[in-house]
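Under the working numbering, the residue at position 82 of the sequence shown is numbered 141, and the numbers go up by one with no gaps.
Please keep in mind that the hints were generated in silico from the structure rather than gathered at the bench.
Errors might be hidden in some of the hints.
Within a straight-line C-alpha distance of at most 35 Å, the following computed DSBU-like cross-link-like pairs (lysine-lysine) qualify [said to hold, decoys possible]:
| # | residue 1 | residue 2 |
| --- | --- | --- |
| 1 | K155 | K141 |
| 2 | K145 | K155 |
| 3 | K129 | K145 |
| 4 | K155 | K129 |
| 5 | K129 | K61 |
| 6 | K129 | K141 |
Beta-carbon label-pair distances, calculated as ranges [stated by the list, open to error]:
| # | residue 1 | residue 2 | range |
| --- | --- | --- | --- |
| 7 | Y186 | S127 | 47 to 53 Å |
| 8 | E137 | S172 | 54 to 60 Å |
| 9 | E74 | E199 | 16 to 22 Å |
All C-beta atoms, glycine included, are put in the ideal place defined by N, C-alpha and C.
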Amino acid sequence: MKIGEASRLSGCHIETIRYYERVGILSPTARSESGYRRYTDHHIHQLRFILHARELGFSLDDIRELLSLKEQPDLSCEAVDKITDKHLHGIRNRIKHLESLARELRRMSASCSGGHVADCRILESLYRREKQSKIQAMAES
């Protein structure tokens, strides 16, 4: 099948399919006599796997490794578990960071009196933080 059909069946955009081929995540395709790439059901399954893994936030390097492991069904799942645990750890760290950001934004928002921009506590807080960051960067230099 041609790339348009592969795109339709997998739900993956044509340019994304080409990108996955360029970076070596998608298995190489055969070419027709006229030079068109020819995709198989195996490519469709790979693309769906890649899309689902991307939805879960796995990096392209992790996906490449997972696909490689998938092609070796007799191996232990230990490597897959390590990749997944590492990814889950990263997600938990990002959640903590986002919760911290949410607390800070709530605090800033609560300090807003609803007056004029000249008296805006939110803008004042953002400016103060930016100024502190510059001072800290100069001190570390």
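Evaluation of the provided hints:
Pair hint K155 plus K141 holds up; C-alpha atoms about 21 Å apart against a cutoff of 35 Å. Proximity of K145 to K155 is assessed by CA-CA distance (about 16 Å); at most 35 Å being required, the pair is judged to hold. For a cut-off of 35 Å, the pair hint linking K129 to K145 stands: about 18 Å separates their Cα positions. Straight-line distance between C-alpha atoms of K155 and K129 comes to about 32 Å, which keeps the hinted pair within the 35 Å bound.
A distance of roughly 25 Å separates the Cα atoms of K129 and K61; the hinted pair therefore holds under the 35 Å criterion. In summary, the hint linking K129 to K141 is supported, as the alpha carbons are separated by about 14 Å, within the 35 Å threshold. The given range of 47 to 53 Å is respected by Y186 and S127, whose C-beta atoms sit roughly 49 Å from each other. In this structure the supplied range 54 to 60 Å holds for E137 paired with S172, their Cβ-Cβ distance being about 57 Å.
Checked against the hint of 16 to 22 Å, the C-beta distance between E74 and E199 comes to roughly 42 Å, which is inconsistent with it.
Of the numbered hints stated above, the single one contradicted by the structure is hint 9.
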